[in-house]
Every structure is written in structure tokens, then in C-alpha cells.
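Quick note, the sequences are listed as chains Y and W, same order. This note's numbering numbers the first residue of the first sequence as 1 and each following residue consecutively. This note's numbering numbers the first residue of the second sequence as 1 and each following residue consecutively.
None of these hints come from the bench; they were simulated from the model. Just so you know, even glycine gets a beta-carbon here, dropped at the ideal spot from N, CA and C. Any given hint could turn out to be false.
[Unchecked claim] List time: in silico DSS-like cross-link candidates among lysine-lysine, alpha-carbon distance up to 25 Å: (1) Y:Lys184 <-> W:Lys134; (2) W:Lys134 <-> W:Lys44; (3) W:Lys175 <-> W:Lys82; (4) W:Lys170 <-> W:Lys82; (5) W:Lys44 <-> Y:Lys46; (6) Y:Lys144 <-> Y:Lys184; (7) Y:Lys160 <-> Y:Lys46; (8) Y:Lys184 <-> Y:Lys57; (9) Y:Lys124 <-> Y:Lys113; (10) Y:Lys144 <-> Y:Lys61; (11) Y:Lys113 <-> Y:Lys61; (12) Y:Lys53 <-> W:Lys134; (13) Y:Lys46 <-> W:Lys134; (14) W:Lys44 <-> Y:Lys160; (15) Y:Lys124 <-> Y:Lys160.
[Claimed, not checked] Among the chain W residues that face chain Y by a calculated CB cut under 10 Å, a handful are: (16) Leu48; (17) His114; (18) His122; (19) Lys134.
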Amino acid sequence: MKQSLLVLWSALLIGTPLAAGAAAPCYTMDAAGSSLGFVAEQTGAKFEGSFRKFDAKISFKPADLAASRFDVMVDPASADTGEEQRDTTLRGPDFFDVAHFKTAHFVTTSFRKTGDTGYEATGKLTLRDVTRDVTIAFRFTTRKEGAVDASYLTGSANLKRLDFGVGRGEYADTETIGNDVEIKFNLRLLPTPLSPDKRIPTPPVPPQTK
Amino acid sequence: MHIRNSADRYGAVAQFLHWLIVALLIVQVSTALLADDMPLGLAKLAMLARHKSFGMTILALALIRVLWRLANPAPPLPATLKPYERVLARVTHVLLYALLFAMPLSGWVMSAAHNYPVSWFHLFTWPSPVAPDKQLAENLEDVHETLAYVLAATVTLHIIAALKHHFVLKDDTLKRMLPFRGT
Chain Y
1 MKQSLLVLWS
11 ALLIGTPLAA
21 GAAAPCYTMD
31 AAGSSLGFVA
41 EQTGAKFEGS
51 FRKFDAKISF
61 KPADLAASRF
71 DVMVDPASAD
81 TGEEQRDTTL
91 RGPDFFDVAH
101 FKTAHFVTTS
111 FRKTGDTGYE
121 ATGKLTLRDV
131 TRDVTIAFRF
141 TTRKEGAVDA
151 SYLTGSANLK
161 RLDFGVGRGE
171 YADTETIGND
181 VEIKFNLRLL
191 PTPLSPDKRI
201 PTPPVPPQTK
Chain W
1 MHIRNSADRY
11 GAVAQFLHWL
21 IVALLIVQVS
31 TALLADDMPL
41 GLAKLAMLAR
51 HKSFGMTILA
61 LALIRVLWRL
71 ANPAPPLPAT
81 LKPYERVLAR
91 VTHVLLYALL
101 FAMPLSGWVM
111 SAAHNYPVSW
121 FHLFTWPSPV
131 APDKQLAENL
141 EDVHETLAYV
151 LAATVTLHII
161 AALKHHFVLK
171 DDTLKRMLPF
181 RGT
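Based on the sequences and whatever the hints tell you, model everything.
Set out below in C-alpha cells:
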């Protein structure tokens, strides 16, 4: 009885972490160490802006890309281009229309490796009321920072603002405001701790036989 | 007509630069006043972009003007000028040269501080001299506007003096800068 219990618990001991390892590791985004920005062109000159509020739930496993998933929520009202009038216009009905569309959302649907250290992911981006496929190119690196293993998801994507209806009325003119927009991101990720019910169970003390 | 300045008149290059900049300054004042009146929108953005392109052109021409002036001295001031008039003439000219730099430079830095990098007629983008900085942008708005008034006052004085020499004193001062009159 004692021996079979031991075998059972040993199997669970070995089996559970193996089972947990089969899923892609999950990461939580460190907002303070992350950035999400965009490069756009205005009257012939490129300028940069960023989104101050966004969050990403990342699962990534290079050895099993099919199990990987990025889920990013962005608050378009947090767009900051360093100038009040432009930022107000961006929040307005002709651009992000934040009164009606509170979030932008990107969810990946597939991944592939490109070259030695690069990857590409295609996903659905919902901006305003339009959902379209967007492909991002990125690198994923991990390094020790003091006591933690910090990972960095860095990359970019190119999209056309008019594809999402961003810039309406007179602002649809691409001579003055370029159609091409580059999205740049650098996310600092920390491993998400396992939830209590996924922790390795401690074996019960076998009953003492007298 | 001579290319370089002589003892009694300005050469072709100096004259060309002078009148070209006069024309561009008129364009600058016009685009600025027009843009000021426009509501926030694409047309205003485009008008200001034009203003900036012409402004950077003036900056480049101002540099060429100064270098050209150093390479060949201007004709001396008329001998008939009283000492205070000589000082006033010098001060006015130096101020005009200084403003030809200060105005576009303040505009360029202001635009960069607003995070509106300056394009030259959609052909290329000038590097931004500063990082985006809202406080700096606000301060430079005041500087740029004040300098514009100083320029307007100086130019007015300059024109009045030229016309006085021409119509009242009836000397060659204005003719020296005109392509079709004079020796």
C-alpha cells in the first residue's frame, strides 16, 4: 500500500511539472519598462508618438510557436505626441474617436521563425470598428537583471491608417498626413508566477503502520 | 553690372540676395498671418509647413549673404552721414542680419520642441535641434512673435531711411542696391 502510494506520488511529482512545461511560458508586462509607439509622417516630416496606457499578456515558446499567443490591449486616448492640439485631434472623432472606441486590441493567430533570431506573428488588430490582419516582426531575448529573468519583446509593424478609418474627412488626405504608420514596441516581460492550483502538490504523509 | 561689390555700388550677387530675401520675407509675413487666421485643420498645417520651408530657405540664404559680405566688403556709407546716422545705419544693418538668423532659428527650434519636425518642401526633413519640450515650445512662441515685431520695426526704419536718401537727400544710397539705376 505504502509503496504504490509512493509510486503514484512520484509519478505526479514528475508528471505535473512536465505537463505544465508543455504549455508556453506566460509573461506579465512591466508597464514601467515597456514602450509602445508609432512613427507617422506629417507635411513631409516623420514624427514619433506613443501610447501611455497599454497592457500585453504574452505566452511565448520558441520551441513550440503554435502554443504561443500575444494579447495586447491599448487605450487610444493615451496617445501622446508631445503637442496638445494634435493629441486632442487624435482623440477626436476624425481619428481614434475615443468617445466611441475605448480600446484597440491585437491578438495573434500564427507565428513563424524568420532567420536566426527573428520571428513574425500575424494577428487581428481591432482599431476603431475595423478588424484586420497585421503582421509584426520581433525579437525575444531574456537576460538576468538582478534576481529576475527579464524578457524583452522588441519589434515593429507597418500599417496603413486609412485601412482602419483613422483620419476622416479632410484628414483622409495622405499628402499632408501620410498613410503609412510604423508601430514600434519594446515590452519588458517578467515570468507570470504559477497560480496556486497549478503548484506541485505535496504528498500526504503515509499512514503510520504500527 | 559687376558680380562683386565695388567702391560705389553693390554687385549683382549682393543685390540678388537682398531682393530675393525681401520677397521671401513678404511670403513669410503673408503665410504667418494667413495661418494665424485659419481654424485648426489640414489647411492650417499645410500653410505653416510652407512658412517653415520658406523660413529655412531664408536661413540658408542668410548664411550665404554673411559669407558673401565677408568675402567682399560693402560700399562705404555715404560721406555725408553725420556720426549718429552712421551708428544708426550700422546698428540697423547688423540687427537685420541678426534677425535673418534669429527668426528662422527660433522657429526651427520651436517646431522641434512642439514635436513637429520641419520638412523642406516635402523633399527632406531638417534634423530637430531639440527633443520635444512643451515649456520650451511655449517660450519660443513668444520669442518668435516678439522677434517678428522687432524685424517689422527695423525693416520699416530701413525702408524710411532708403526713401529719405533717395527722395529727400537725392543721393545714390538706394540706387546702389538697384539693378537698373546708377553708374
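Hint check:
A threshold of 25 Å between alpha carbons decides the hint, and for Y:Lys184 with W:Lys134 the separation of about 23 Å falls inside it, so the pair holds. Among the hinted pairs, W:Lys134 with W:Lys44 is consistent with the structure: their alpha-carbon atoms are about 20 Å apart, no more than 25 Å. For the hint linking W:Lys175 to W:Lys82, the alpha-carbon distance of about 20 Å falls within 25 Å, and the restraint holds. Between W:Lys170 and W:Lys82, the direct Cα distance comes to roughly 16 Å. Compliance with the 25 Å bound is thereby established for this hinted pair.
As the CA atoms of W:Lys44 and Y:Lys46 are separated by approximately 18 Å, the hinted pair is consistent with the 25 Å bound. In summary, the hint linking Y:Lys144 to Y:Lys184 is supported, as the alpha carbons are separated by about 24 Å, within the 25 Å threshold. Taking the CA atoms of Y:Lys160 and Y:Lys46, the gap is near 15 Å; set against the 25 Å cutoff, the hint holds. Distance check on the hinted pair: Y:Lys184 and Y:Lys57 sit about 17 Å apart at the alpha-carbon level, within 25 Å; holds.
With a C-alpha separation of about 19 Å, the suggested pairing of Y:Lys124 with Y:Lys113 holds against the 25 Å cut-off. For the hint linking Y:Lys144 to Y:Lys61, the alpha-carbon distance of about 18 Å falls within 25 Å, and the restraint holds. A distance of roughly 11 Å separates the Cα atoms of Y:Lys113 and Y:Lys61; the hinted pair therefore holds under the 25 Å criterion. Only pairs whose Cα atoms come within 25 Å are accepted, and Y:Lys53 paired with W:Lys134 is accepted, the gap being roughly 20 Å.
Distance hint between Y:Lys46 and W:Lys134 is fulfilled; the C-alpha atoms sit about 18 Å from each other, no more than 25 Å. For a cut-off of 25 Å, the pair hint linking W:Lys44 to Y:Lys160 stands: about 24 Å separates their Cα positions. A hinted pair counts as satisfied when its Cα atoms are at most 25 Å apart, and Y:Lys124 with Y:Lys160 qualifies at roughly 14 Å. At a threshold of 10 Å, the smallest CB-CB gap from W:Leu48 to chain Y is about 8 Å, leaving the interface hint in force.
Annotation: W:His114 was flagged as interfacial toward chain Y, and the flag holds, the nearest CB pair being 5 Å apart, inside 10 Å. Restraint check, W:His122 versus chain Y: the minimum CB separation of about 3 Å is within 10 Å; hint holds. Against a cut-off of 10 Å between C-beta atoms, the interface hint on W:Lys134 holds, since the closest Cβ of chain Y lies about 7 Å away.
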